[in-house]
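Novice: Chains as they are written, first to last, in this note's numbering: chain A, 2 to 226; chain B, 329 to 467.
Think of the hints as simulated: they come from the structure by calculation, not from any bench. Heads up, the beta-carbon is just placed ideally off N, CA and C, and yes, glycines get one too. It is possible that part of the hints are untrue.
[Said to hold, decoys possible] Computed footprint of chain B on chain A; a stretch qualifies when at least three of its residues, placed anywhere within it, have a C-beta under 8 Å from a C-beta of chain B: (1) 32 to 45; (2) 51 to 65; (3) 144 to 156.
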Amino acid sequence: MVLSGWEAVFFWVFSIAAIFAGLLTVMARNTIHSALFLISSLVSVAALFILLQAEFIAGVQILVYVGGVMVLFLFVIMLVNVGAEERGREEIFNRPRQVTTSVIFCALLAAGLLYAINVGYEGLARRDAVPIKAGAEQRLNQERNLAPSATGSSRISTETEKVGGSLYRFGSLPFEIASVLLLVAIVGSVMLARTLKQEAAVDDVPRETSVAELAEIKDEPFVQG
Amino acid sequence: MPILLFKIFAPALSLLFQEAASGRVATAWQRAQHPDLSKFLVIGALLFIIGVAGVLTRRNIIVIFMSIELILNAANLNFIAFARYLEETGSVNAVAGQIFAVFVIVVAAAEAAIGLGIVIALYRNKETIWVDEIDILKW
């Protein structure tokens with residue numbers, strides 16, 4: 002798995018963009034800016050996925066994260082009041098001692114992880130030297146045999162086909178469990194986010210309450226608490 | 329002791345150019361032109377650490393949630409990089425890494441929905457998004 006030529010250039014561009022956008026996510030004072038920087042970080046990581054020939058995951062990343070989760074984040078940011086933060090009255094970080102401890106912890110974590118990657122990858126590369134070389138050549142041959150696209154300027158990858166096949170062949174049980182999890186998440190978030198008034202309207206209404214009264218409760222303007 | 333410290337921190341200081349720490353600048357440049365698995369792992373590790381720093385230092389609960397998304401995304405990057413590596417070294421079911429990444433994305437979406445629901449409910453009752461003011465569960 003060795004990139005070269007333009008792939009390497011794009012790797013550096015997108016990885017540096019991802020890291021800087023990630024840093025700005027954590028550092029930005031305005032929460033909306035944080036969300037936008039997180040979106041650019043996620044898009045850069047999606048580009049890295051494309052460099053790794055995981056086109057399906059890249060598409061899912063952009064559709065689900067940028068299209069779904071981040072829009073949810075933006076809605077919530079706009080629902081809660083962040084004005085004080087924007088005007089610069091509130092401190093956005095914890096107290097200095099907590100921040101110092103966290104930064105020291107993160108530096109140690111970085112040192113440990115990077116040291117482990119250095120040493121571990123050297124050993125891995127030494128062990129897999131032959132398969133890596135053979136695999137690269139085999140991949141080049143495979144890419145030459147792929148069907149050309151309609152315009153003829155590129156070739157159609159079969160990676161998504163493999164992912165789909167494997168997902169339903171080996172991962173169908175986790176797939177079903179994931180769908181149940183999503184259902185639970187939807188029901189849970191709806192339940193969490195409703196007001197007391199709405200709860201009263203659904204749960205604690207005596208049987209004899211007429212339909213008209215119920216409608217009246219529901220039609221009242223939104224009351225907090 | 330200083331040698332041990334240097335050995336631990338040199339890769340961290342040189343960040344992406346791991347080889348440059350030991351004076352092999354030419355090797356580092358050569359490797360930078362051909363990024364392999366280790367470079368992707370380093371990017372993933374850095375994103376993870378940025379996310380951890382965000383969770384530990386920020387006061388805004390929504391930014392903490394965003395940092396958690398960053399952490400999950402870093403894990404995804406590692407999954408995909410290893411999937412590609414295993415595919416080229418001839419593993420049997422190498423796309424398992426990509427399938428795992430799909431599940432991570434699903435769980436992240438569910439977690440964000442629930443977490444933001446809690447934020448809304450909390451804001452309705454307590455009028456705050458600062459984590460150091462959310463201490464109702466403290467005895």
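Novice: With reference to the structure, classify each hint as holding or not holding.
Specialist: Results of checking the hints against the structure:
Beta-carbon proximity to chain B at under 8 Å applies to 6 residues in the stretch 32 to 45 of chain A; the threshold of 3 is reached and the given coverage holds. Restraint check on the stretch 51 to 65 of chain A versus chain B: 8 residues with Cβ-Cβ distances below 8 Å, three needed, restraint holds. Residues of the stretch 144 to 156 of chain A lying with their CB closer than 8 Å to a CB of chain B number 0, which falls below the three-residue condition for coverage.
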